[in-house]
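J.: Top to bottom, those sequences are chains A and B. Under this note's numbering, the first residue of the first sequence carries the number 1, and numbering increases by one thereafter. Under this note's numbering, the first residue of the second sequence carries the number 1001, and numbering increases by one thereafter.
Hints listed in this document are in silico derivations from the structure and should not be mistaken for laboratory results. Every residue, glycine too, gets a C-beta built ideally from N, C-alpha and C. Misleading hints may appear alongside valid ones.
What the hints assert, rightly or not - To give an idea of the chain B side of the interface with chain A (calculated C-beta under 8 Å), a few residues: (1) R1035; (2) T1040; (3) K1044; (4) A1231; (5) G1292; (6) R1296; (7) V1300; (8) G1304.
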Amino acid sequence: MAIPDNLHYTREHEWVSVTGAAASVGITDHAQRALGDVVYVSLPAPGSKVTAGEPCGEVESTKSVSDIFAPVDGEVTDVNKEVEENPGLVNADPYGAGWLFKVALPAPGEGELPPGLLSAADYEHLIATEE
Amino acid sequence: MTDPNEPLRRTPLTAVHESLGATLTGFAGWLMPLRYGSETAEHKAVRTAAGLFDLSHMGEITITGADAAATLDYALVGQPSALAPGRARYTMICAHDGGIMDDLIVYRLSGDEFLVVANAANTGVVFQALRDRARAGAQVFDRTADYALIAVQGPNAAQILAALTDADLDAVKYYASYPAIVAGSQILLARTGYTGEDGFELFTRPQEAQRVWEALAAAGAARGLVPAGLAARDTLRLEAGMPLYGNELRRDLTPFDAGLGRVVKLDKPGDFVGRAALAERAGTVPERELVGLVGRTRRVPRHGYDVLWDTAVCGTVTSGAPSPTLAAPIAMAYVQPRVALAARQADRGTVHGRLAVHIRGSAEPADLVPLPFYRRPS
């Protein structure tokens, strides 16, 4: 189970990668394994605002559908059109080609992330205790 | 019912699934493989080559003795006494009010020996009902722990099995069974399944299950056989339009509600449990009809979602999934018969937008299609 050290995580199994004022969001390897084959992703529209902890899309697999929760506040700047066309990328490469959308953070340069995001170690602990 | 505090039962093959890296899940009190890798790939392998399933959670109940046939004619809605030895039939067990307690396959092994295969979640209920309904000269035993059940399903199934047995597989017709030696083990071989493909189910002794499984896996490796889990089993049976207890079949529905009135043999001699209620039901206009839906968007109708006709609720989805074969969402649903009729009569242009499934806040258009969604090429 891959849990890259350089990412932050939510309790709802999203990852977020922050570079300056830009954040990329996806779902974790653990999440894609639990879901099974992803057949459809619904992503927030570019230009829309997302709020940390609020649902902003959904991931549908053979057996179930799950909300995508925004890990951070901000404005959606880009969505992964390839993953919309080929949702299996979420399974094949959840931290790479399977990224979902990008967000411009509202307070760039301050280096402050919303409270509640987990480190890789904390996230590893979370999924170990969930099982 | 399943006690959530009881540990999950392991099948004779659970260790094999673990060594294959399967994702295991609790199902009707059993720890079962949900998938080994991609359930879509497993599904497609069964449609194009073959899949190997562990179905050891299914209940096996034997009914033996001079009154075995008469017991089953009274206890079930079908007429097992009319089966020739070596033949099998899909049937149901109903309550006195006609409600479905389970759907079953009954195998007549010999003149006075029957094997009833029940759904895992219902095995206890079926066993108790058969005991309660048994005549003096019939013995009813729950033999679930004495059998492992392995299925090989798909167009290559016969070829794979032929490599492991001298049995004449051409002689094993659909819904027939007979004793055979496969990979050196004495088994009961049945040409039955729940996938819409040709295939076999192998009842083995628990201690021989792993050997039979591994022999099948080895013989099938060059013929595209892959192990397949419950996730693929569910999408395969849904495409094949086969009902699932707890979804299409329920205690508060009769076989007629499910469009399966043909399993009720009202013309068989003698009384049977549910006869009066089912005879009455057979003569009334149904309140609901089981139909197939294909979604026009990519969002998937799921169990329990409302079906809409001109924005009014007209039914409920019983099963839904993305169909790997159709590459579209499919569902079975109970809808009002007038809606089924209207949707069938309207041409696609005029019906568009009238029939929909309410999927988490939006009405997603769907088309009504005949069941099954998939029929294997003959």
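J.: Evaluate each hint against the coordinates.
T.: Here's how the hints hold up against the structure:
1. R1035: holds, 6 Å
2. T1040: Holds. Min distance 5 Å.
3. K1044: violated, 11 Å
4. A1231: With Cβ-Cβ at 6 Å, under 8 Å, it holds.
5. G1292: violated, 18 Å
6. R1296: violated, 13 Å
7. V1300: Status holds, d = 6 Å.
8. G1304: violated, 12 Å
Checked against the numbered hints given earlier, this structure breaks hints 3, 5, 6, 8; the rest are met.
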